[in-house]
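Asker: The residues making up each chain are set out below.
Number of protein chains: 2
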Amino acid sequence: MGNLNGSCSTPSISRYLLDSLAAAGARHIFGVPGDFNLAFLDEIEAHPDIQWVGNANELNAAYMADGYARVNGFAVVVTTYGVGELSALNGIAGAYAEHVPVLHIAGTPSTDTQRRGLSVHHGTGDGDHEHYLRAYREVTCATASLTEATAAADIDRVLAAILTSKQPGYLALPSDLVRRPVLIPAPGPAAPRLPAGGQPASVEPAGADERAPAQLFAAAAGPLLRGARDVVVLVDALARRHERGPQLDKLIRKGHLTGAVLLGGKGAIDESYERFAGLYIGAHSEPATRLAVENADVVIGMGLAWNDLNSGGFTARIDGAKLIDIQPFGATIGAVGIPGLTMAQALDELSRLVEPPADDEVATAAAGEQHHSEAAADPLETQALLSQDTLWQRIGAFLRPGDILAAGQGTALWGAAAQRLPAGVEVIIQPTWSSIGYTLPAVGGAQLASAPRRRSILVIGDGAAQMTVQELGTLAREGLDPIIVVVNNSGYTVERAIGGRTASYNDIQPWNWQLIPAALGTGATVASAATVAQLDAALERAVADDGRMRFIEVLLDRDDVPAMLARAARALAARSVE
Amino acid sequence: MGNLNGSCSTPSISRYLLDSLAAAGARHIFGVPGDFNLAFLDEIEAHPDIQWVGNANELNAAYMADGYARVNGFAVVVTTYGVGELSALNGIAGAYAEHVPVLHIAGTPSTDTQRRGLSVHHGTGDGDHEHYLRAYREVTCATASLTEATAAADIDRVLAAILTSKQPGYLALPSDLVRRPVLIPAPGPAAPRLPAGGQPASVEPAGADERAPAQLFAAAAGPLLRGARDVVVLVDALARRHERGPQLDKLIRKGHLTGAVLLGGKGAIDESYERFAGLYIGAHSEPATRLAVENADVVIGMGLAWNDLNSGGFTARIDGAKLIDIQPFGATIGAVGIPGLTMAQALDELSRLVEPPADDEVATAAAGEQHHSEAAADPLETQALLSQDTLWQRIGAFLRPGDILAAGQGTALWGAAAQRLPAGVEVIIQPTWSSIGYTLPAVGGAQLASAPRRRSILVIGDGAAQMTVQELGTLAREGLDPIIVVVNNSGYTVERAIGGRTASYNDIQPWNWQLIPAALGTGATVASAATVAQLDAALERAVADDGRMRFIEVLLDRDDVPAMLARAARALAARSVE
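Chains P and S, in that order, are what the protein sequence lines are.
For the first sequence, the numbering used here begins at 1 and goes up steadily by one.
For the second sequence, the numbering used here begins at 1001 and goes up steadily by one.
Heads up, some of the hints might be wrong.
[Stated by the list, open to error] Per the computed footprint, the stretches of chain S lying under chain P, defined by three or more beta-carbons under 8 Å from a beta-carbon of chain P, are: (1) 1032-1041; (2) 1127-1138.
[Unchecked claim] Non-contacting residues of chain S with respect to chain P, defined by C-beta distances greater than 12 Å in every case (computed): (3) ALA1218; (4) THR1382; (5) ALA1563.
It should be emphasised that the hints constitute simulated quantities derived from the structure, not laboratory data.
Built from N, CA and C at the ideal position, the CB exists for glycine as well.
Take these sequences, add in the hints, and give me the full structure.
Answerer: This is the structure in structure tokens:
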């Protein structure tokens, strides 16, 4: 039925692909050139709506794309066959675990080379050219190796899967197909196959049949909510990925509900709201938060995905009988499973069911005003040496609504987790995948995606920063201006808290961090802070130096850890040998 | 039959593993700590014969292990579940493609966690804990996830496969098994299961039955060699991996044969021998080399593994009727296949069959004295700006017998490939896998493995060095003293030669290379060279500064490429769009 003959007016496969990516919201593509993707890179450079961002290596490119996708809703990273794509795998696996919609495109040997099983460089030498595609199948929601006959259908299928599931996908693009005309089944390329902005079709207004899950949900949730006094909305990462934050804030405010978050939900809802109860992390929670969540009459779970970390070592205790468990494409209420219900539909129903109580009182807000009171109640001795505590008091006070805050896996994550955030802060962390080094490229991706450009702060440990440091140069090249706080505490302090406290394997090579920004050509301003006063001065200067990268080295004791990490680490250490 | 009950005197699984690694020749283990491997790292630090080398990231650790294994015959790299192991995958895949015996050990969640399908950080969240093991299956010769019951047998099996095939293997070590007693089948741990030095059992003296392949080989090769006037021995990487260099040199000298190499054979035989004919790379060879190989009466191929690069874009032309094709575990002569024949056996037979010709003449040595004559015939204008040509004349003249020479994928590889090397130079390149950035960590691994420590020179492009630069700190921490020559030519010149000559995607962020060694805490001496005289002075000073790292930035024109790369690049560009 379709137009199966290429003609002069037919776009090339790469143009079809790039137009589809632009329609899905990609304004930048990240990656590293390699001889199997050069022809495609020429097409990227020629495309009117997409800019190429060249990274220093492929893992960093995948990390930067992940940060971009978290803000933008979609990102693309391009690598070359074998060496490039396998280097990026950890970054894509992270997007899989954290539910971030990233498309990875590998430039691969020509169709003819693959079909004949020829041995080429970057290959394994056994004539099998699908080793890497199979590795990618383990950590993606959809994959395809494009062919002339099926390119359009495969591009559509993989993109739709990514945008719907919010997980990464993989395309192999053989080099000979780049400029080959695309064979498009009807109705042709002009018809919008993907709604703009990366929204999958499933969030379109539902028809009559599609109302059934919503009705079932309302019927099951209604009795639970009627008469419930303390209702907690407990938010995890999937709520943010499916962009339900504003709808959640509205629901919480309408019903005077209590909000709380798991690690992955940091920043998803407005934490400055008076009834925000803090971070729930099982037995490791602050007592008031734990009470608020575990003693609630009803817990509305938004995309909860439990693991050892966010459950406080599997110590979360939420009674299943009072849980309304809402997932991206289904919900569970007690024994009632409701497949096919979207988060948006569930929230629509909840907003109908929830009413403000007649006799409202504000007193139930467990951790209310925690953020501001902390700073006020504990005036700092500014000449004192910095500690994790005082560092995070200062970072907390520095944050403004709408900032991007990236916190490296390690001590930084746990410092950030304990903050009560201003409204609209985008939090870039990996509480599930937990790959150290990720946040340095990711904060750049997140800032690049923000328009107008949002102020961006990265707090990262020295061991983590060593993993991916070369990407500072890329961030500068793209004209980004994050405030980068490197915590110099002589190694893997997060590991020391778990095991090997004095072991030399947790040491790292001491670097001269003050030279790093200049060595990597960043043009950043550079400061060093050992005391509270020095940090205050550095942050003040950072504000004044807006518009260029700012780099602050903070000197902390090797064994100092945030209180919450100390608790989590004991649980991890116990589990590792059981 | 075996001792299946752990007792006080029974070693732990980790001790059994570490003793086996030490017996296979590992004196160092590379890697990065992570919470799933910390208990194992404690055992490594406690082991009397093994030292831990902490890397800045896991890909670099795998690269450094690869370099170590090329000199040492075996290497081990340890990472943590998910984030660590996937970061290392490109490095292990490189070892697979290049036939380098590296064992990768991932610390994984406890047996109980995996059995129950619990969701943990670094996991994908779907209860399946074997995603990463399956990814590794694609690029390793053997894998196992250890269990209490099968640990000893699996360790033995995976190690034997690695040492026999000279390809990498993978072990997953659940954290709870580290200190569990090993259950060993008879005859017990004291019996040597692996011969020292990493030699597989197959190179032991052959019994009567095992003589059959050798006899068949002699019967087939004898008639071909008798009366042959020009016999060329053409050497590729597998001959080096199976440590057949000395035996090959002896054969070549005994028979007054001509030696030649593919890219992977650089350094495997003595290139200073008068009958060395140079690098064969199909139609891209020097004319004299091409004649010597293609017009020979007999070509003895040693571990030839052809691909697009080493065949000059599939232009190699060697008549199958006159080829004695010797592979690690079999040979082919015309229509006769001889499975089970080792390289050592084949060389033993050849040394019996080959006799020096009665009327020998030296004139057939095609490229004889090329190395020395080049420098003599073409006196350099020392105030001239450096070019790829003059850089490599100088590096060539600088090399001494026994040096380690690492040449980064890119222009450096092709400069090194054209050199006629002094005897016994170990060449660290990746002509098959071709991963840029590999050589910077790898040269450190190679030098660390050499005892007494060999002088080591790395030539690497700026784009490649940016990929893995943080490992300079690790090399310094291990007290290594390579001479590092970074070719600053403003980006991916090797890619420019293939496609996108003026495209911005081949640019990189300009770094201040002079600051890099100090920023990374290396204590290296630093020099910069734009002219021949400056390079001469820098190399002279490097010799004087023996014992510490030396860093030389060489400034070259963005589009200058070695002549052989220009030819190869044209072939690659043509193939990429066909």
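Asker: Are the hints correct? Go through all of them and say.
Answerer: Structure-based check of each hint:
1. 1032-1041: holds (count 7)
2. 1127-1138: holds (count 5)
3. ALA1218: Holds, since 29 Å exceeds 12 Å.
4. THR1382: 30 Å, holds
5. ALA1563: 19 Å, holds
In summary, the structure agrees with every hint in the numbered list given earlier.
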